[in-house]
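Fit chain B to the supplied structure of chain A, relying on the hints for placement.
2 protein chains.
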Amino acid sequence: MACLPRHPAFQRVSVGIFFLALWRVGVGDKVLMFPLDGSHWLSVKDVAKGLSARGEIVVLAPEVNLLVEESKYYSRKIFPVPYDEEELTNLLCSFGNSMFTERSYLMTPLIEYRHNMDGINMWFINCQNILKDHATLNFLKESKFDVVFTDPIIPCVLAEYLGLPSVYFFRGFLCSLEHMFSRSPSPVFYVPRCYTSFSDQMSFPQRMVNFLVHLLEPPLFSCVYSKFEDLASDVLKRDVHLPTLYQKGSVLLLRYDFVFDYPRPVMPNMVFIGGIHCKNRKDLPQEFEAYINASGEHGIVVFSLGSMVSEIPEKKAMDIADALGKIPQTVLWRYTGTRPSNLANNTILVKWLPQNDLLGHPKTRAFITHSGSHGIYEGICNGVPMVMMPLFGDQMDNAKRMETRGAGVTLNVLEMTSADLENALKAVINDKSYKENIMRLSSLHKDRPVEPLDLAVFWVEFVMRHKGAPHLRPAAHDLTWYQYHSLDVIGFLLAVVLTLAFVTFKCCAFGFRKCFGKQGRVKKAHKSKAH
Amino acid sequence: MACLPRHPAFQRVSVGIFFLALWRVGVGDKVLMFPLDGSHWLSVKDVAKGLSARGEIVVLAPEVNLLVEESKYYSRKIFPVPYDEEELTNLLCSFGNSMFTERSYLMTPLIEYRHNMDGINMWFINCQNILKDHATLNFLKESKFDVVFTDPIIPCVLAEYLGLPSVYFFRGFLCSLEHMFSRSPSPVFYVPRCYTSFSDQMSFPQRMVNFLVHLLEPPLFSCVYSKFEDLASDVLKRDVHLPTLYQKGSVLLLRYDFVFDYPRPVMPNMVFIGGIHCKNRKDLPQEFEAYINASGEHGIVVFSLGSMVSEIPEKKAMDIADALGKIPQTVLWRYTGTRPSNLANNTILVKWLPQNDLLGHPKTRAFITHSGSHGIYEGICNGVPMVMMPLFGDQMDNAKRMETRGAGVTLNVLEMTSADLENALKAVINDKSYKENIMRLSSLHKDRPVEPLDLAVFWVEFVMRHKGAPHLRPAAHDLTWYQYHSLDVIGFLLAVVLTLAFVTFKCCAFGFRKCFGKQGRVKKAHKSKAH
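Quick note, the sequences are listed as chains A and B, same order. Residues 6 to 536 in our numbering are what the first sequence spells out, letter by letter. Residues 6 to 536 in our numbering are what the second sequence spells out, letter by letter.
This is chain A alone, in the form it adopts within the complex:
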């Protein structure tokens, strides 16, 4: 239990409050939210709050969860799960610790795959428990919702089961598969694939690797999601092909934009709401205000590796502490592990920190982050240059995006030395270009006709008003794979051209023989006789 992320909302919910606040059911529009837990929930919570002004929100949450606490903005429908708080804690601990396991280059993909599968298996268990639990299903059916708002990374097919339109809210799938199932072209020559850490400017070998990774995406998807397909087929009583099912998503609210990600083709039902959670700023707690005031002219550095990492191996923690001690700034480090013995006076360990509020303070000079998408956007919104230590998932690719824009420095957390971290910190703090670049990104990001939260709320309400958004559905979804690639047309035209070429050749050959054939034979005959 020592390495449990200590968030106050971490809880087992008693059966008695399963239906808490459901008294509002039956009035106005009704949204069923089925979000991911953990940091993913943080921005969904803002949308729930935004939507609650004009309708009723029910959040479907597992009995044992991390952050989905009670709220006046939504009611919770809790479903039972077969694991307890301790098991979840152990899973998270082992997940967090495994980030720092030394591994060979070749083992990295396998470890990453296992990391993803750990999360996906837990979501699968959750799905199974919803879809096999008659009480939950009856509640969902009887509640007459208007829309299902969900993260499609957990394909629980609730919208299909309930016959409702759906809105997908997410950072994107593994390997940008949201583009694959939306039939939004992903040109392999400049759209870098996940886990490659390539930018959109690739060398020839990089483009080759990118091409090969792109070929692996569909089988990877099948591997990861095959058991969800079986579960969905069982529940919907028909064969389910998940990518086809995903095409039914009315609107995709994607938690990025093109200040962060590289510009690429998109579909009309994709709405970009990167930085949706940034505006949710509060006053700093007194304790943190005091740290900042005491930091003097050098200001502070904010350091957090996210809620998944609580313990760092001693040697690594000491290396980090050593580097932090060599900068003049005060460092606020969110760390729940054992205090490194060499921690310098300028470094303050805290169990929790108000990250976005601290980053918004004018005295914050740098942000040391694991480059999760929420953290990256907080860095962009507040214009704070970053030292990035990506750990898993999309974090390597997120870091690459910021690095190519000159807004931060990426370090390999397993290989970096104390000097690497010290140099990276001094660079982003003292080299003005980092600050200028992140400020430029910040000003581009914040210059928008509608705030991302308003946009998200608008589109959920749109889908409820119009019972979907069928006018944004491309006809590509109605085509077979060979029609989609125009193979029938190209094949037919090729056959016509080849037939024409063959007939022309035969005609010419026949004509040639008619004109010169006899003469040729006669000459040959003459020659033969001459012999």
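These are calculated hints, taken from the structure and not from any lab test. Just to be clear, a hint being listed does not mean it is correct.
Copies of one chain are not kept apart here, so a pair can be met inside one copy or by any two copies together.
Restricting the straight-line Cα-Cα distance to at most 25 angstroms, the calculated cross-link-like pairs of lysine-lysine (DSS-like) are [stated by the list, open to error]: (1) Lys320 with Lys356; (2) Lys253 with Lys356; (3) Lys431 with Lys146; (4) Lys77 with Lys146; (5) Lys440 with Lys242; (6) Lys253 with Lys451.
What follows is chain B alone, placed relative to chain A:
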């Protein structure tokens, strides 16, 4: 002169007022607008008005023009042209009349090509007169604009000449070439090509024709715009390739959306502002209010074939008048030609009509239109079912889009009979499905987080604030054609696979010979001896 569209603003501007209202130059942001004249100008005018609140607008207009009148919202910079009002009138008359020329099916593309070239040649003359006129060029250079706002269908390379970012405002190029030069994929299997009048649901033969038309697009573009390239090369003193130059457009404000057009992949710098001009509603003039009041319970039908058509051949005009006389509604027909002798009492000929304001009246039952993009959007905004008689350009494709959505009926203006028009009118008025469908489209179209005009103004100001929108520029623009199609990567991988296959085959063959070769030869030798 009889068939001249009688708009009050049609004028030759005296040299004395060339610099009228330029007193505002030098204050705040400065926008150079170089729009298309005619109906295209109508929505640009709204943007000029919107932008004028926060900056200074200069509209570059030819000395002889149709609609670019003076205004308190912008100043005009007039440039000289080598044609006079009469020549322009004659051109428009002959253009308008040619719509009704009987033609064979095979001649249609040629006539359409000539129509387009007539317009493009006139725009070329305008461009030539700007780029060869030192006074105009000096004025443009000295004015220190912040952005060039233009319709790229006239590639006058002013932004490149002045070294400024540009915003493109347009309905789209011939054959959606805006997607080609933006490197926005246009999947040929469900994105219908222009002039095909196909929907996004194509049969096999249609997909084949679509594929072939798609192959013709780049050479067509070269044909149409080659002289602009020569002119641009001459002015910019370097070789100019227009599609590459177009990639520099910071933001594309496209006058359509996906209520009207079929959903398809788009790029992040494409902003959809279809229906931008619809909100600009005024009270009806007394004369029209009186017509409506007198129409009784049956209401009115609005009929206009646009400003380009003033005269219709007598026989055709009589057929139309005959059909109009057979419906109980009052028909308001904008027509400047000779009054058909059989005109019924319910049909009122007017030289001009406030189209959008009339369509917005609840007693309007149907709209007979040539299906220009402005008219179509007025039909959508006001929820009026349409009888469409497309004449040229994008009008056939526009009509197809409305027809497939059940919001109107398309007629071939050359082939239709009086009965066809009568039946079409009765259908859209009496069959409730047309009204329901257009009302559904209208409600989808008007349900948006930002009004199109505000969006257009926002993006022009964005480009001025950030001196472009480089973060929305895809890396695809930096690739050669073979990199763009991944030909180098595919070629290399193919070579590797073939080499491996060849080496494997050779090794196997060698191994096989080693193992069985001697024995084989010995057996053969035995056999030979046996003979």
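Copy assignment of Lys320 with Lys356, given that the CA separation must stay at most 25 angstroms: within (20 angstroms within a copy, 87 angstroms between copies)
Identical-chain pair category, Lys440 with Lys242, by Cα at 25 angstroms: Neither: 56 angstroms inside a copy, 39 angstroms across copies.
How would you label the pair Lys253, Lys356 (within, between, both, or neither) given a Cα cut-off of 25 angstroms? So Lys253 and Lys356 fail the 25 angstroms test inside a copy (42 angstroms) and across (49 angstroms) alike.
Status of Lys451 relative to Lys253 across identical chains (alpha carbons, at most 25 angstroms): Result: close only across copies, 23 angstroms inter versus 31 angstroms intra.
Give the relationship of Lys431 and Lys146 under a CA distance limit of 25 angstroms: within one copy only, between copies only, both, or neither. Classified as neither; 57 angstroms inside a copy, 44 angstroms across copies.
Is it within, between, both or neither when you check Lys77 against Lys146 at 25 angstroms Cα-Cα? For Lys77 and Lys146, the Cα distance is within 25 angstroms only inside one copy (23 angstroms; across copies 60 angstroms).
Checked against the numbered hints given earlier, the structure breaks hints 2, 3 and 5 and satisfies all the rest.
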